[in-house]
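2 protein chains.
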Amino acid sequence: MSMTQESIDEFLNRLASSDPTPGGGSAAAVIGAAGAALVSMVCNVSLGKRGCEAAEPELRAVLARSETLRHRLTLMVEDDVSAFGGLMGAYKLPKATEEDKARRAEAIQSSLERATRVPLDCARACGEVIALSRRAGEHGYQHVISDAGVGVSAAYAALRSAALNVFINAPALKDRAFAEQAIGEIDLLLAHAASESEAVYALVRGKLGG
Amino acid sequence: MSMTQESIDEFLNRLASSDPTPGGGSAAAVIGAAGAALVSMVCNVSLGKRGCEAAEPELRAVLARSETLRHRLTLMVEDDVSAFGGLMGAYKLPKATEEDKARRAEAIQSSLERATRVPLDCARACGEVIALSRRAGEHGYQHVISDAGVGVSAAYAALRSAALNVFINAPALKDRAFAEQAIGEIDLLLAHAASESEAVYALVRGKLGG
Numbered sequence: 004m005s006m007t008q009e010s011i012d013e014f015l016n017r018l019a020s021s022d023p024t025p026g027g028g029s030a031a032a033v034i035g036a037a038g039a040a041l042v043s044m045v046c047n048v049s050l051g052k053r054g055c056e057a058a059e060p061e062l063r064a065v066l067a068r069s070e071t072l073r074h075r076l077t078l079m080v081e082d083d084v085s086a087f088g089g090l091m092g093a094y095k096l097p098k099a100t101e102e103d104k105a106r107r108a109e110a111i112q113s114s115l116e117r118a119t120r121v122p123l124d125c126a127r128a129c130g131e132v133i134a135l136s137r138r139a140g141e142h143g144y145q146h147v148i149s150d151a152g153v154g155v156s157a158a159y160a161a162l163r164s165a166a167l168n169v170f171i172n173a174p175a176l177k178d179r180a181f182a183e184q185a186i187g188e189i190d191l192l193l194a195h196a197a198s199e200s201e202a203v204y205a206l207v208r209g210k211l212g213g
Numbered sequence: 004m005s006m007t008q009e010s011i012d013e014f015l016n017r018l019a020s021s022d023p024t025p026g027g028g029s030a031a032a033v034i035g036a037a038g039a040a041l042v043s044m045v046c047n048v049s050l051g052k053r054g055c056e057a058a059e060p061e062l063r064a065v066l067a068r069s070e071t072l073r074h075r076l077t078l079m080v081e082d083d084v085s086a087f088g089g090l091m092g093a094y095k096l097p098k099a100t101e102e103d104k105a106r107r108a109e110a111i112q113s114s115l116e117r118a119t120r121v122p123l124d125c126a127r128a129c130g131e132v133i134a135l136s137r138r139a140g141e142h143g144y145q146h147v148i149s150d151a152g153v154g155v156s157a158a159y160a161a162l163r164s165a166a167l168n169v170f171i172n173a174p175a176l177k178d179r180a181f182a183e184q185a186i187g188e189i190d191l192l193l194a195h196a197a198s199e200s201e202a203v204y205a206l207v208r209g210k211l212g213g
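Chains U and G, in that order, give the protein sequences. Heads up: take any position in the first sequence, counting from 1, add 3, and you land on our numbering. Heads up: take any position in the second sequence, counting from 1, add 3, and you land on our numbering.
It should be emphasised that the hints constitute simulated quantities derived from the structure, not laboratory data. Not one of these hints is a red herring.
Copies of the same chain look alike in the list, so a pair counts if it fits in one copy or across any two.
Straight line, CA to CA, 25 Å or less: simulated SDA-like cross-link-like pairs of lysine to any residue:
no.: 1; residue 1: Lys95; residue 2: Leu176
no.: 2; residue 1: Lys210; residue 2: Arg137
no.: 3; residue 1: Lys52; residue 2: Leu90
no.: 4; residue 1: Lys210; residue 2: His195
no.: 5; residue 1: Lys95; residue 2: Leu50
no.: 6; residue 1: Lys104; residue 2: Phe181
no.: 7; residue 1: Lys210; residue 2: Ala180
no.: 8; residue 1: Lys98; residue 2: Gly88
no.: 9; residue 1: Lys210; residue 2: Ala197
no.: 10; residue 1: Lys210; residue 2: Arg63
no.: 11; residue 1: Lys52; residue 2: Leu211
no.: 12; residue 1: Lys52; residue 2: Ala175
no.: 13; residue 1: Lys210; residue 2: Tyr144
no.: 14; residue 1: Lys177; residue 2: Ala99
no.: 15; residue 1: Lys104; residue 2: Ala180
no.: 16; residue 1: Lys210; residue 2: Leu50
no.: 17; residue 1: Lys210; residue 2: His142
no.: 18; residue 1: Lys98; residue 2: Lys177
no.: 19; residue 1: Lys52; residue 2: Ala64
Work the whole structure out from these sequences, hints included.
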């Protein structure tokens, strides 16, 4: 059974426990998926509503993409568990002989690469959810517009969370070119998401008259 | 069956759908509960670890509070659905006679008050989770310290999300004293959480060397 087939109560219990997985990476993926789901909800409610007719093609395009990202982020809940498990497994490999040591070092490096790529992909997907939440906030039906503000807040939290896992794993990578590219990309994603998520939140709050 | 007994997949499907509930308020409560769970995890992993002995009383105090808040936030998932349902029900009451109208107006006001109090309570709980995540980030075991950064990001997103529901419902309240107190408190919580969550995230990132 995949982790997202478990109940929310069970997931939260396991998250709170001292078990290493699920951890922050899986939580980030769930929170990002919730952000995408809220963007989808704004589109699903708005389609067919009076006043939203002209925006229908835009809302349909946003919905198609937010649903793709929601499913991708949902799969990342499990990817994070397996990337973390792979890394823990690699550290536990025998290191008695030189051959053992070489095999272990190689396994650690390939696991570290995966444990960097998974959160990097999560952060990219969340960056896209933030962009979609702006379009949903601009064109969505007034009565559900606040959900675009919840969606952007969730996606930003997930992006920041995923970034922490890149910062943990990338420094130990021997492939310095990839490590630096990953950290550089995460820094850009973080900087862009910070200003963009504030702008979308302010847009939504402004529409509420708050 | 309460909503948090449903699977994550099912919750996300319902969130994305055009059904009015669960909406952003329930998502905020789940995300806040995940933030509290991550603070609990940092404490649960750190207790008994070498180097964390001196911080054990602090970690136990943080854990007791984060678990209380996690359970409270989990219950708010359902509270939000019921507050929203109550409000929708009140708007649908008959308004044929003057007596009908008076009864409906009263039901709307009491539902609006509840639909303001629930997200206000959610935001207060998330503000506390942010404060706890700082203590977990300061005293927790290095290998799980990033989870304090995920926890604070989740709690801040949930607080901002809950605030939107206060901004939606408070303006229509006839009890202006309560409405203004609620909006004033939410503005204070938002301002404090913005700087505090940045500080905790920077603290955690600094400990990762990122």
